[in-house]
Amino acid sequence: MTDTLLSVENVAVELPTPRGNLRAVDHVNLTVGAGRTLGVVGESGCGKTMLSRAILQLLPKKAKLSGRVMFDGLDLVQLSPEKLRKLRGRSLAVVFQDPMTSLNPVLTIGTQLIETLQEHLELDQAAATRRSVELLAAVGIPAPEQRLKQYPHQLSGGMRQRVAIAIALSCEPKLLIADEPTTALDVTIQAQILDLLAREQRRRHMAMILITHDLGVVAGRTDEVAVMYAGRVVERAPTPALFKKMRMPYTEALLAALPRIDAAPHTPLPAISGRPPDPTRPLKGCSFSPRCRYAVARCHSEKPDLAQAGTAEHQYACFHPIENHADASA
Amino acid sequence: MMQQSASQNPLLDVDNLVVEYPVGARTVHAVSGVSLQIARGETLGLVGESGCGKSTLGRAVLQLRRPTSGKVLFDGHDLTAMQGDTLRLMRRRVQLIFQDPIASLNPRRRIGDIVAEPLVISGVTDPTKRKQLVDEVLSAVGLDPALVVGRLPHEFSGGQCQRICIARALVLNPEFIICDEPVSALDVSIRAQILNLLEEMKARYGLTLLFIAHDLAVVKAVSDRVAVMYLGRLCEVGPSEQLFARPAHPYTALLIEAIPVPDPDVRPTETVPVGEPPSPIAPPSGCRFRTRCPRADAQCRDVMPELRAVAPGQFAACHHPLI
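Chains as they are written, first to last, in this note's numbering: chain A, -14 to 315; chain B, 95 to 417.
These aren't lab readings, by the way, just hints derived from the structure by calculation.
For every residue, glycine included, the Cβ atom is placed at its ideal position computed from N, Cα and C.
Watch out, some of these pointers could steer you wrong.
Claimed, not checked - Estimated spans, in silico, between C-beta atoms of each pair:
hint: 1; chain 1: B; residue 1: P201; chain 2: A; residue 2: S29; range: 18 to 24 Å
hint: 2; chain 1: A; residue 1: V91; chain 2: B; residue 2: R186; range: 22 to 28 Å
hint: 3; chain 1: A; residue 1: P90; chain 2: B; residue 2: A347; range: 18 to 24 Å
hint: 4; chain 1: B; residue 1: D179; chain 2: A; residue 2: S29; range: 31 to 37 Å
hint: 5; chain 1: A; residue 1: K230; chain 2: B; residue 2: R120; range: 55 to 61 Å
hint: 6; chain 1: A; residue 1: D(-12); chain 2: B; residue 2: P388; range: 40 to 46 Å
hint: 7; chain 1: B; residue 1: L246; chain 2: A; residue 2: T2; range: 16 to 22 Å
Unchecked claim - Rough simulated footprint, nothing fancy, chain A against chain B, three-plus residues with beta-carbon under 8 Å:
hint: 8; region: 284 to 290
hint: 9; region: 307 to 318
hint: 10; region: 343 to 352
Unchecked claim - Pairs of lysine to aspartate or glutamate, EDC-like flavour, derived with a Cα cap of 16 Å:
hint: 11; chain 1: A; residue 1: K230; chain 2: B; residue 2: D357
hint: 12; chain 1: A; residue 1: K269; chain 2: A; residue 2: D290
hint: 13; chain 1: A; residue 1: K230; chain 2: A; residue 2: E308
hint: 14; chain 1: A; residue 1: K229; chain 2: A; residue 2: E308
hint: 15; chain 1: B; residue 1: K223; chain 2: B; residue 2: E211
hint: 16; chain 1: A; residue 1: K47; chain 2: A; residue 2: E(-1)
hint: 17; chain 1: A; residue 1: K229; chain 2: B; residue 2: D357
hint: 18; chain 1: A; residue 1: K229; chain 2: B; residue 2: D359
hint: 19; chain 1: B; residue 1: K165; chain 2: B; residue 2: D107
hint: 20; chain 1: A; residue 1: K49; chain 2: A; residue 2: D11
hint: 21; chain 1: A; residue 1: K230; chain 2: B; residue 2: D107
hint: 22; chain 1: A; residue 1: K68; chain 2: A; residue 2: D57
Work out the full structure: start from the sequences and follow the hints.
Here it is as structure tokens:
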């Protein structure tokens, strides 16, 4: 086991809405070891982005947060805004889905990179410029000196995401949170960006949380995966176990519903019927029970705990976990 | 030019279609000489990355954007030569489904009216008849007419809105539907429902589909044949199974390799740094993929490759095909 770098303890996020409180994150526990990669997978509205914002302490003002977020020995929930600001961008960095909105459109790439370096590392102008050029080259941007003078709109989506990654990596963070970093990009560019993240991560021994809706993205590129549904982590396992020996019916259904490139054309997909529950109206039982083909009476009345079942490594929140795994999948 | 379809009498025959439009003093070469045929009852998948011209091609087929040159024969009639009422009448037989189902529905109108609108436009004046057709088509897409007709689009999820869009497209009983990224805005669990629904509707209404998408796995799931587009030109066309098993064009191979596979045993291959697509304002000479192609040489720079047969039913526009 490696040292725990981040531990999310019993974190819950509630957002007030006109229709009542929306429970975006429902008592989530997670840990990330130094240098490890955790994939967080779920569909829209499952709370994966709110969870990342709770870790970063970047929640909307009205949101109510409970629980603890321990990062590198500090409780981020208790930290003063000033200390948080110093931490974010320095040892805790983030890459968002849309690089156009995370970069400032009226500042040049150079200004944005150099500003980060000067703010956190107290480099002088010349050293910061030199370092910026190195960083842009490291993330695969051709002609980095010229790029420093350009504005975000002059770059393609893939190039902008590379710049956002360069800024995130600039201060050698211990943890990088990548929230759907490739969702806005084309598939050939996606592969390049995921390779880049993996390469830089290995080189810097940086931990990463890779948040995505795409099971394909986490499969080859994470050590551990947490599957979220309706605000909760419903299954957590080392990546190979999650794909080969999943216990939670939702994980199984999600994987089965993916169109596969190796399947014959016109194969009907085993779709999950219905849709996720309304987060403003909490369900009494397991939140997946209305859509689950294994559900029995108990599933509709009682909420299964994540910690109760399974081993320390492989946890799942289900009363009737999938038992039999055909060896064919192995 | 080589004919790619086995069918002698295709429902749709696109011949050397060119769509260009001005941007300031320059020209965007969105579609540059694309020819393809779709047989009756067939689903042709059209894949490519953003900006490759696949949506423009779909719109130019419907004459929503008039092509610069080339012909679009639908059931033997040249749509590019039609105007006004003749074109409108022909368009009843061709419908379109868009990517963003919520944006495609007027937020102020009730679902019943939205789905009935094509009937009103095409002159079905009897309200009872309209109601009957609307109810029928809503039931077909898996919605309960009694529950939905009086409600507004914002009361529905993305998946349900896409069902409503599909119902609206089907209500005139068309022969041909162009689906432009119909599932890319939807979550995995909902996407499977809509793909299955499209397949069911195709069988039930005897439809022919042009299915445009960027996701190869999605395209493969529904298509009989697949056409791969890059920067305004077709790279490769072939039967889906065959094309994915043995791609001939290096771009097709690159696309297939880049798909993240949901299996931890399949280690992602470290991608060759192939860079980014060039601008359609100034496309490269010769083969448009050459700037990113590991096989490119002087011939690729000087001579534009034409589609030619590489296997039965499979055509590739490449001087150095992989098969």
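Right, here's what the structure says about each hint:
Range check, P201 of chain B to S29 of chain A: about 20 Å between beta-carbon atoms, so the 18 to 24 Å window is met. Between V91 of chain A and R186 of chain B, the C-beta spacing of about 49 Å breaks the proposed range 22 to 28 Å. One distance hint, 18 to 24 Å for the beta-carbon pair P90 of chain A and A347 of chain B, is violated here, with the actual separation near 37 Å. Look at D179 of chain B against S29 of chain A: about 43 Å separates their beta carbons, and that is not inside 31 to 37 Å.
The hinted window of 55 to 61 Å between K230 of chain A and R120 of chain B holds, with their beta carbons roughly 56 Å apart. About 42 Å separates the C-beta atoms of D(-12) of chain A and P388 of chain B, a value consistent with the hinted range of 40 to 46 Å. The hinted range of 16 to 22 Å is satisfied by L246 of chain B and T2 of chain A, whose Cβ atoms lie roughly 19 Å apart. Counting residues of the region 284 to 290 of chain B whose C-beta lies closer than 8 Å to any C-beta of chain A gives 6; at least three are required, and the coverage claim holds.
Three residues within the 8 Å Cβ limit are the bar, and the region 307 to 318 of chain B against chain A gives 10, so the coverage statement holds. Counting residues of the region 343 to 352 of chain B whose CB falls under 8 Å from any CB of chain A gives 5; the rule of at least 3 is met. The hinted pair formed by K230 of chain A and D357 of chain B meets the criterion: a straight-line CA distance of about 12 Å does not exceed 16 Å. With a C-alpha separation of about 13 Å, the suggested pairing of K269 of chain A with D290 of chain A holds against the 16 Å cut-off.
Between K230 of chain A and E308 of chain A the CA atoms are separated by roughly 9 Å; this keeps the pair inside 16 Å, and the hint holds. For the hint linking K229 of chain A to E308 of chain A, the alpha-carbon distance of about 12 Å falls within 16 Å, and the restraint holds. For the proposed pair K223 of chain B and E211 of chain B, the alpha carbon gap of about 13 Å is at most 16 Å, so the pair holds. The suggested pairing of K47 of chain A with E(-1) of chain A holds, with an alpha-carbon distance near 9 Å, which does not exceed 16 Å.
A threshold of 16 Å between alpha carbons decides the hint, and for K229 of chain A with D357 of chain B the separation of about 8 Å falls inside it, so the pair holds. Taken as a hint, the K229 of chain A and D359 of chain B pair is honoured in the structure, with Cα atoms around 10 Å apart against an allowance of 16 Å. Restraint check for K165 of chain B and D107 of chain B: satisfied, since their Cα atoms lie roughly 8 Å apart, inside the 16 Å limit. Proximity of K49 of chain A to D11 of chain A is assessed by CA-CA distance (about 12 Å); at most 16 Å being required, the pair is judged to hold.
With a CA separation close to 49 Å, the supplied pair K230 of chain A and D107 of chain B exceeds the 16 Å bound. Distance hint between K68 of chain A and D57 of chain A is fulfilled; the C-alpha atoms sit about 13 Å from each other, no more than 16 Å.
Hints 2, 3, 4 and 21, counting from the list given before, are not met by this structure.
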